[in-house]
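Let's have the full structure, built from the sequences with the hints guiding it.
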Amino acid sequence: LVHNNSIKKVWLIGGIYGLISYGLYAFWLVKFNPFGLFLACAGYFLILAIVFLFLKLIDILFKKNAWLVQTLFLSVYEYIKTLGFLGFSYGVSAYTQWYNTLFIQICDVIGVFGLNFFIIFPSAWIYSFFEKGHERKIILNSVNIDYSKNNSNLSEYVKREKVIKNTERKSMLVFAFLWIITVLFFYIYGYRDIKSKKVYETVKVAAIQNNENPWKNGIDEYAKNIQDLKDLTNEALEISSDIDFVVWSETSVVPSILYQYYGLIDSRRFNLVYSLLNYIENKDAVFVIGNSDEEIDEENKTKKRFNSVHVYLPSENVIPPDPDVYSKIHLVPLSEYFPYKKYFPHLYKLLFKGENHLWEKGSEYKVFDYKGLKFSTPVCFEDTFGNDCRKFVQNGARCFFNLSNDGWSKSRACQYQHLSMSVFRSVENRVPTVRSTATGETCIINQNGQITAITPDFCKSYVVGNVDILDSDFNPSFYTLHGDLFGQLQVLLLLIILIIQILIVIIKSIKTKK
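The sequence shown begins at 43 in the numbering used here and counts up by one.
It is possible that part of the hints are untrue.
[Claimed, not checked] Below, simulated DSS-like cross-link-like pairs (lysine-lysine); rule was C-alpha separation at most 30 Å, straight line:
(1) 258 / 123
(2) 246 / 272
(3) 325 / 266
[Unchecked claim] Okay, the calculated beta carbon distance ranges per label pair:
(4) 233 / 549: 42 to 52 Å
(5) 128 / 357: 39 to 49 Å
(6) 338 / 263: 20 to 30 Å
(7) 411 / 168: 25 to 35 Å
(8) 537 / 224: 19 to 29 Å
(9) 326 / 537: 53 to 63 Å
(10) 436 / 129: 16 to 26 Å
(11) 175 / 552: 48 to 58 Å
It should be emphasised that the hints constitute simulated quantities derived from the structure, not laboratory data. What you are looking at is a predicted structure, and each value in this text was computed from that prediction instead of being measured. Beta carbons: idealized from backbone N, C-alpha and C, even for Gly.
Structural data, given as structure tokens:
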């Protein structure tokens, strides 16, 4: 489409592509808010319109190997779209390989955006290889050199030679060979990485999935959810009495434990919270619980709410409650976090229907240390960003407990899209992940990105499994130390290539005029 359409049309084609592709990919947004899906589609209409314009400009600037520069550009685009306030990691091409365990081990060096170029490459190569052959055949057949007419021989000959040069495919075969060698190296690297896995001491973890309905509210619904969590936990503990950690999903406990316990705001909520704390106090496992923290801002007379994780150790910090707490830092734009309410009040009302669903941002990439396991708790959306998760590992985390609730989407596709990104976080940092979700996909992922246990989705269930306690001499991966360096290098390389080519075109244009 880019190659065969004019610059006047290509932006519209790109916009339509963006609208349709992201509308199909993220269709589940309609369950949260139809206006949210509209904003996503409208946003990617504009974004892909611009992307297609740049693809067309590259097509014009580079006569011979535009396809290669376009591959680099698309990889750069998918990196840039994950940055900033509206950063969105869903739809990055490399995540399609989440189940290709050997192949993705290289991400502990190059990260998902380093891998991304090699995923996009074959599509561009296949298209360009056959397109060049097709164009070469058509144009050469249309060039008729009549040697009896000396006045036209030279121009026709030059025209044909230019066609032969611009549609030459030998260099493409070289690039294909290099790609094959690189991919083979990735597989060999992955095989060696997995084969060299050490044997560690372990802790046993139970991740609970209570299949709650996030759209139902009220004290009776909250009590029912907590009872379901208790019942499932009891069942897991009966089967495996040596469980060290119990993990409940994001906001699985809705009444703010600390706010209700110390504030005595509502007797029913206090009783529910107190009953829960008594339950935990009589267990031996460490409880990792998704909860909302609420604080009163005395200065502004407003309530601040945090999407938090509480860690409780029986006989230590349960009654009275004094949990270790992590509050979510990377909030979901337009649903959990909207810093422009003052400037766009009408948009705010459309998104939140007049209700205050917003959270305050946390400030510390917290690491917990219990029973020999150092772990961090990225909440839901946070584990879709490699750069966020590596900060936990830099601070000392050797395992992720991801607490998620994608139940609002009512979509298995949405939940698997999220799972695919969690796998990469383990591979990039060489640490295991335990996912506790409300409706799926609750699972245990080892440090090689292999899913060792998983529950069915949209049912009450749990997984119990062992998680490695990584040695104290744990060496952070190259990715943990340097982050998305290969994504940044691709941006730099693309800019250098474009600047050089633009200068070449300008110089040639000046010479031609002379």
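Here's how the hints hold up against the structure:
1. Of the supplied pair hints, the one linking residue 258 and residue 123 is violated, its CA atoms being roughly 33 Å apart against a limit of 30 Å.
2. In summary, the hint linking residue 246 to residue 272 is supported, as the alpha carbons are separated by about 18 Å, within the 30 Å threshold.
3. The straight-line distance between the Cα atoms of residue 325 and residue 266 is roughly 20 Å, inside the 30 Å bound, and the hint therefore holds.
4. The supplied range of 42 to 52 Å is met by residue 233 and residue 549, whose beta-carbon atoms lie about 48 Å from each other.
5. For residue 128 and residue 357, the Cβ-Cβ distance of about 45 Å falls inside the hinted range of 39 to 49 Å, so the restraint holds.
6. Range check, residue 338 to residue 263: about 25 Å between beta-carbon atoms, so the 20 to 30 Å window is met.
7. Against the hinted window of 25 to 35 Å, the Cβ-Cβ separation of residue 411 and residue 168 comes to about 50 Å, which falls outside the hint.
8. At about 23 Å, the CB distance of residue 537 to residue 224 agrees with the hint of 19 to 29 Å.
9. The given range of 53 to 63 Å is respected by residue 326 and residue 537, whose C-beta atoms sit roughly 57 Å from each other.
10. Under the hint 16 to 26 Å, the C-beta atoms of residue 436 and residue 129, about 20 Å apart, fit the expected range.
11. Taking 48 to 58 Å as the suggested C-beta distance range, the pair residue 175 and residue 552 does not conform, at roughly 34 Å.
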